[in-house]
Every structure is written in structure tokens, then in C-alpha cells.
Amino acid sequence: MDKRFTLGLWLVLGGAALLLSLLIQDFYLRSILNLMAISALLATSLRFVMLMGELNFALAAFTGLGAYSAGYLSTVLGLPFGFAILLAGLITAAVSALFGAITLRAKGPYFLLIGFAFSEAMRVAYSKIDAVGGTSGMVGIYPPRAFDDWLPFVVVGTVLLLLIAFYLVEKSDFGRILFAIRENEDVARSVGIRTYLYKVIAISGACFAAGLAGGLHAFVNQVISPGDFGYLLAAFALAYVKIGGEDFFLGPIVGAVLLVALSSYALGLGGDEHFLYGGAIIIAVLLMPKGVLGMLGKLRLKAAVSNDKVSADVH
Amino acid sequence: MIIKKQLKSGAAVLALAGLIAGAAQAEEVIRLGLSVPLSGAAAVWGKGAEFLCNTAAREIREGGGVSVGGETYNFECLSYDNKYNAAEGTKVAQALLNREGVKFIGGSLGTAPVQALQALAERQDVLVFTVAWGASIKGVKHPMTFTQMNTPGEILPLLIAYIAKEHPEAKSVAMLNPNDATGKETETLAGDIWAKNGVDVAASDFYERGTTEFQPIAARLASLKPAIIDLGATPPADAGAIFKELDVLGWKGVKVVEVGTGADGLKATGGDAAEGVYMGAGVTFEGNAATDHQKAINEQAKAQIGESLNAVQIGFYDSVYALKAAMEKAGSVDPKIVAEVLPQVTFKSFYGEEVGFYGKELYGRDQQMRLPIIVTKVIGGTLAEVARLKP
Amino acid sequence: MQTFIQLSATALQIGAVYVLFSLGLTLIFGVMRIVNFVHGHIFSVAALVVAYLLPALAAGGLSAPAAYVLASFVGIAVALSLGALLYIFGFRHFQRDLVGSFILSIGLVLLLDGVLLHVFGGAVRGVPEIFPGRVSIGGAQVTIQRLFLCAVAVLMAVSLYLALGHSRLGKALRAVSYDHEAAMMVGIPYSRIAFLGFMIASLLAAIAGVLLAPVTIVSPVIGTDYLIKGFIAVIIGGLGSVPGAILGSIFVASIETFGSYYLDSSYATLAIFGLVIIVLLFWPKGVFGRG
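So the sequence lines, in the order shown, correspond to chains X, L and F.
The numbering of the first sequence is my numbering, which starts it at 40 and goes up by one.
The numbering of the second sequence is my numbering, which starts it at -13 and goes up by one.
The numbering of the third sequence is my numbering, which starts it at 7 and goes up by one.
Among these hints, one or two may not hold up.
[Unchecked claim] Result set (SDA-like, lysine to any residue): computed pairs, CA atoms no more than 25 Å apart in a straight line:
# : chain 1 : residue 1 : chain 2 : residue 2
1 : X       : 337       : F       : 9
2 : X       : 167       : L       : 187
3 : L       : 281       : L       : 234
4 : L       : 238       : F       : 96
5 : L       : 127       : X       : 184
6 : X       : 329       : X       : 219
7 : X       : 167       : L       : 174
[Claimed, not checked] So the derived list for chain F, only partly shown, Cβ under 10 Å to chain X, looks like this:
#  : residue
8  : 101
9  : 105
10 : 112
11 : 135
12 : 186
13 : 187
14 : 191
15 : 192
16 : 196
17 : 268
18 : 278
19 : 280
Please keep in mind that the hints were generated in silico from the structure rather than gathered at the bench.
Being a predicted model, the structure only gives us computed values, none of them experimental.
We treat Cβ as the ideally placed atom computed from N, Cα and C, and that holds for glycine.
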């Protein structure tokens, strides 16, 4: 990919998102924009860990940890908005590092299922701790009044910063090592790379973003409950990645935007929401295995092939 | 690029639709928003709530509508699925309040999503009716919130006193509740009230909603050999299963499901073991207790949703009539004005009586519907009303 | 001592159900290397059909056991058809693709949740006991219904174990789960074996559903709780291993039973999750796992 093209794309898309966050006045659309941004961040975090070949289903648990930490720090300890969210992210990074250190020796489906079990366990745990509201959830997580009008801008801006960070890391040597680990961890280790350390750092970084996303979620919604952070959260993030296209950095973002828009439409259908959402996921997975971006890429390739008479691929 | 453009045009369409919808409703339709679970384990409650709101709206329309200041208004019920958690509750609140422009919430279910709803509704002066029990959502801090069904605060003192009087020899109780807001609320109150009535609390346990194997739980309860087993806020189906297991273990005693709402689930899973169970929030449609009107509606409900109506869903019928009475008395459809008038009106509830609001001593303001507390007992396989206590 | 016997009996009964679930999950994973989240719905469908049909058939004049047997056959048939549909139109295209198949199963869970709610309604249905009465075994009270369930579960587990060890199909299944490429090279028809593996797993889930209908709360959402416990059992026991599935199921059932009795049901749930993590610390692939 041409470097200037990439930079241009970042500026345009990022700029457009920030602009939207400033210009949209309708409350409902602002809430949707916030939701899209946070979902895009979670999906990107998940994809980041997929780069090293693991499915981080504990994402839900760590998003919850970030949300509850930010909520607790803000409502009980009175910390200001920015500090609460940042600290929430750091707490999550620390806990996830510990989690990763313990569980990353399990691979593939085992790691997936441990993450799943861990998320459900945390959900039960939150519901039992009265200090954070128990099953009723935590309320009153208000961002400062001054931010009211600017909240989408703050959310989109924060998400954008983290996305840039993810992108830079992916393109760096660290990213290449993750790819190498995914290809064949033993080979990577044989050339002296401390693969386990890299995996733990990767998870910790990804979950830092997840914790921050959780913190943002807490302030945007102002109310959180244990049920918000069950395994479905991670399952949906995975759907965003897959439907957008897991091979592309933009994939999870595209997937998040599309599916959040779809679900907001489906909400109006009452009980039939599940049909639409589930059906959409199934159709997308069956018909577009490479996701939306993958399909667009193929279309572009086909167009190029038919235009270009001196093409290498002859079908 | 394409995506961004699609997003922008999609946003424009949504905004336009919202405008049109907003304009269309200003004339003579008042939309009542409902935030209820429409999927998952509690789906039946949500569907029943929807049904009853629609029924009340239809009856009012057929009766000539609501007359306020010379205009006639009719109600329309709009229900969204809050999936019993705060995140979805927030989405529902956003959709109802910001997208649909709803000003009255005809009913909401689930403490977590209701809290999410309140956070938004209070900023916009929207009137909220709820069946949720969390004490945190009631009181002086929430002047536009009203409760549309009896909650543990109302039911337990009267119910427990009744049972203690009926069974003076029973001196010990073991309690079990689901590990959620309703369970915790019930447990806190019940413990004190049992003690006040001279009954020892041998144990108070919690279990996770969604559990299907109740043998170990039943074994634990039975091992304490209590005279009374109180299942608090356990849903009827779970309660039936627990009583069945207790029966297998040979326990015999007084069976109570304090805030049990219906016998159908109880009998489905409990079979014969459901005999003799007392419930505090159950409604029976057999015999003389129910009016013909109630029975007719219940038959329709059974056809549509598969089981008899319960007190939770009935609240969604009552709130519509309460709003009608308040709007007509206040001569306005402004939510703030209606909220001020609401505690002073009376209206005909589903239970057939004229009902007002109370609750000042307990919550600081009169926000609770003064509904009768119906004590029911399963006798000979059917649910019978044994007492109707007036608060 | 009396309590211990009663609790052990309970643990074994509960474990029997989890065994039926986890055998299916472990089989699917072993053969196709996929994690199938929609397995629980096959169980739910079978149970729902029985709960729906039984009262109708009994009202039509059949005796309770006969109605039950007939309803069970229909239930199993419907559940198996669902399983076949899921395989042919869905999972067949995602073999050995952990991520893709997982997302597909999540989409299916959402869709089927909606479908089941629509078709069967959300209300709980009762299924009367088919074998009423109870016995006392070593001082523990057990209902005959549950005893029957245990017996069938044991029978299925033993049959599966023997079949895997000694029948041609069993050997083919094992070969495929060890090394599917090598298996194909010696002429084992992989697609057909994968299909059969999936159908056997679905049969186990359907039988579990039919057996549990009289004992449990039948509503469209019952599959999930058992599914989660089933997955935990296979993680502990090792994906792809039959003895592992049995061991894991008994382990989970025991913690659930003894934990709920001595502590509290919610803490028992937490304890199960905690112990999974501890087990995996020492056996990253489960106790008998080959991954």
C-alpha cells in the first residue's frame, strides 16, 4: 500500500469522523456515533490479538473491568473524567497481563473457552459485589457538565488516537513478530524471539484499549450493569471483525459501523430483532468469508482484470 | 469512503424519518414507550406487557379517547427489547426518547435498564412508569417515576403477617432468592419481617438465574429442616422445580413464593409439589375473584403469549388508565404537569377497583399505585385467592 | 455420611446430563476442529417438541408412556433434521475454521433464539413424570425418572467409547481426529465422516433433551446453561477426548453439587470457573486433551 495513500486515507476518514462528531446535533445520532466508535475500538483490539493467532474472548471481561473501574473511580473516589478513564485502562492492562501470563500457555480453542469462562465468571462476580451496585448495576457515572456537548468529539478523538496506535504497532517490527508467531510459534522461538513475552505484551496492550473503551462506555451510558459484559460482547466484536474483513485494518471499523447501524434499525422491530441481526451475521459469514472489504477488494480486482488486457491472471 | 457516504445519507434518512414521525404524532396520538425484555428468559413478561398496554389503549380508543382541553387523544404503545441489562436499556432509552420523541413511558422492567432509562428521562422531563423494584429508582430524587405494581415493600409486611397468623406453629424459615436486584431487595426486607413476626431465619441463600439443576440447592434447604421455605423472588418455573426436588427429599412444610407471580409456571415444573404454595403477587382468574372482563382479556392473553397474565404485566394496563385520569384532571398532556397531578387521581384498575397512589412514608412521595395485595394459594391444583389485603 | 451419599447421587445424576452434552461437543471438535455454540439449541428443540406434543397426544387418548415415546421420536427426528440443516448449509463450509465456524454459530444462536421464541412461545411448559416414584439407593433418594436418565447416559457413553474403539466408523472418527490429512490419504471419506460425527453429536444432544424434558424447566432458553457447563467439562477433560468429557462432566457436576450445598449456588458457579483456570495451568490442553 502506498504510504501517502494510507496517510491520506487516515486524514480523510479520521477527519470526517471528527467532523461528524462536532457537527451532528441530533441526540440520537450522537449516541449512535459514540456506540460505533467504542465498538470499532473493541473490534480492532480483538483483531490485534488475532494477528498473533489467538481469539481473545476475555475481551468482554476486560471491557467490563475498565467500565467498572472508571465508574468506581469516578463515582466513589471522585476522580475526574480523564483520570478515571486513563487509570481504568492501566488497571485493565495490568490485570490482563497477569491473566495472559497465566493462560496464554493454552492455545486456540482452549484460550477461547477460558476467555469465555473468565468473562462469565467476572459477570457473576460483579453481580455479587455490592460496592459496585451488584446486579442493579452502577449509576451516576456522569462526565463533567462542560463536556456534554463535546462528548462525541472526546470519544471519537480518543478512539482515533488508539486506532492510530494499533496501526503503527501493527506495521512495526512488533507487529511482524506477532505475524511470525501466528505462522509458526516454534520457528519464531527457535530464532531467539521470546514469544511468550511478546504475546503477553500484545494482550496487555489490546486490553488497555479495551479497558479504555469500557471506561468511555461507562461515561457515555452513565449506567452499567454486569449483564452488559457477558460473552455476547466479545461475540459481537468478533462478528464486526469478520464481517468487515479480518485481513484489513479497516475491517473491524467497517464491520462495527455497519452492524451498529443495523442493530439500531433492528431495535425498532421489537422481539424480531434477533432474526434480523442473527440472520445478517449468518448471511455475511456464508456469502462473504473475507468480509465486506474483502468482497470490495475482489470486485476491484475483477474490474482491474477485465480492463487490463495484459494481466498476469488469465481466467 | 463509500461507507462514510452511506453513513451520512443513512443518517440523513434517519433524521428525516424522525422529523416526520415527530410531526405526525403531535396531533392526537400520544405514544407510550415500553422498555421491556422481549427475548431471553423474561420474554413472556415483556410480551404480556406489550399485549396489555395495547389492550388498554384499544379500550380507551373504543371508549372515546382521552379528552384534554377540547382535543381527543389516543394512546399508542411502542415497545423495545431491553434484554434486561443496562447497555441495551440505554439503547432503548435513546431510541424511545431521542429517536421517537416519546414523552411518557408506559412501563419499564428490569432495575438495570430502568436506571439507564431514568438517567436519560430525567434530563428530558419524561414521565416514567416502572415495575422494577430497586429502592434506588424510587423516592424524592426521582419525581417523575411512578411504580405500577406492588413491590416487596408493599407485599411482604401484609403477606408474612398473614402466613404467620395462619400457621402459628411454624417458627423457622429458610429463604432462597435469585442473585439479582429483585432477589436482593426481597431478601433484605423479608428477613426483618419474618423476625418481627416471631419466625427464625435459619438461612438465606442466593442462586444464579438460568440455573436448571436445583437438586443441590433443595438438598441444602431441606437439611436445615425449616418449617417454612420462602422462595422470595424466585420465578414460578424455578420455584416449581425446587419444590419438586424438596418433595423428593421428603421435606414437608409451609411453602411460600413471596413475590410469585403466576401458577402456570409453578405447576408446569412442580406438578403435585406445587400444592399449598402461597404467593403474594399472583393473580387468579378462576372463580369469583376475577370479573368477566378480566377473564376475557386473560383468555386472549393466553392465546397470544401462552400463559395467564400476572401482576407484572397488569401494571402496564393500569398505567395507561392512570395516565388518562391524570391527563383529564390536569387538562394537559405535558409530562411535568401530569406528573404533579398523578398522585392525586384515582382510576379503575385491572383488579376492578378504584385505585390511587400512596407511599409517602416509605419512599418520600406518593408514587406507588395503591393496589390490593392478593394472597393466593394453590389448592387442589388451581390457584385460589385466599385473601385480598388492602394496604 | 447420609448427606454425602445423597449429594454424590445428585452429582452423578447431574453429571450424566453434562456427559451427554460434552460427548457431543468433544466429538464435533475432535472431528471438525470447530467450537459449536449452537449445540444447545438442538437439545432445546428436542425438549420443546416433547413438551409441546406430549399434552396433545395424551389428550388424544394415548397413555402417558406411549405418548412420551412417540413425542420423543418426533422430537429426536426434528432435532436431527435441524442438525443436518445446520451442517449442510453452514458448518460444512467452515470445517477446521475455528473463527468462521464460531461466528456462524453465534449468528445461528441469535437467529434460533428468535425462531424458537416465535414457534414455541416463551412460556414454560410442564411435562409430567413418565416414570413416577422413587427409590432409595444406599440411603439416597432418587426418582425413577432420573435413574432412567442416568442409565441411558451411561449406556450412551459406554457405547460411544466402545464404538470409537472397535467399530470401523469409530476408528475412522478417531483417525480423522488425530490427523485428518493422513486419514484422507488412506482413503477415509473425510466429508462423510465429519457429517456422521456431527449427526452423532446431535443425536446425543437430542436424546439429552428428550430425557430431560420431564425433569427440568422446558423453555426456549434452557440450552444455554447446559451448553456452558458442557464446554467447561470439555475444556477440563480435553477437547476431542471421550474419557476427558466424562471426567470433566463429573468434575463440574460435583463442584456444582457440593459447592451449592456447602456454600451458595452463585459461589459454586464462580468456583467452577476459577477451577477451570487452575486446571488449565497444569494441563493446558485439558487433562486428556490432544488439541
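Now the hints, each set against the structure:
Between the alpha carbons of residue 337 of chain X and residue 9 of chain F the distance comes to roughly 66 Å, so the proposed pair goes past 25 Å and is violated. Taken as a hint, the residue 167 of chain X and residue 187 of chain L pair is honoured in the structure, with Cα atoms around 21 Å apart against an allowance of 25 Å. Restraint check: the Cα-Cα separation between residue 281 of chain L and residue 234 of chain L comes to about 35 Å, which exceeds 25 Å; the hinted pair is violated. With a C-alpha separation of about 51 Å, the suggested pair residue 238 of chain L and residue 96 of chain F falls outside the 25 Å cut-off, and the hint is violated.
At most 25 Å may separate the alpha-carbon atoms for a hinted pair to count; residue 127 of chain L and residue 184 of chain X meet this at roughly 19 Å. A hinted pair counts as satisfied when its Cα atoms are at most 25 Å apart, and residue 329 of chain X with residue 219 of chain X qualifies at roughly 21 Å. With a CA separation close to 14 Å, the supplied pair residue 167 of chain X and residue 174 of chain L stays within the 25 Å bound. Below 10 Å, beta-carbon pairs count as interface contacts, and residue 101 of chain F has none with chain X, the closest being about 13 Å; its hint is therefore violated.
Because the closest C-beta pair between residue 105 of chain F and chain X is about 6 Å apart, less than 10 Å, the hint holds. The beta carbon of residue 112 of chain F is positioned within 10 Å of a beta carbon in chain X (closest approach about 4 Å), and the interface hint is therefore held. The criterion of a C-beta within 10 Å of any C-beta in chain X is not met by residue 135 of chain F, whose closest approach is roughly 32 Å, and the hint is violated. Violation of the interface hint for residue 186 of chain F is found here, the shortest Cβ-Cβ separation to chain X being roughly 15 Å, above the 10 Å cut-off.
The beta carbon of residue 187 of chain F comes no nearer than 17 Å to any beta carbon in chain X, farther than 10 Å, and the hint placing it at the interface is violated. The beta carbon of residue 191 of chain F comes no nearer than 23 Å to any beta carbon in chain X, farther than 10 Å, and the hint placing it at the interface is violated. Nearest Cβ of chain X to the Cβ of residue 192 of chain F: about 26 Å, over the 10 Å cut. The hint is violated. For residue 196 of chain F, the suggested interface contact is broken, since its CB lies about 20 Å from the closest CB of chain X, more than 10 Å.
For residue 268 of chain F, the suggested interface contact is broken, since its CB lies about 17 Å from the closest CB of chain X, more than 10 Å. Of the supplied interface hints, the one on residue 278 of chain F holds, with its beta-carbon coming within about 8 Å of a beta-carbon of chain X, less than 10 Å. Taking 10 Å as the C-beta cut-off, the interface hint given for residue 280 of chain F holds, the closest approach to chain X being about 7 Å.
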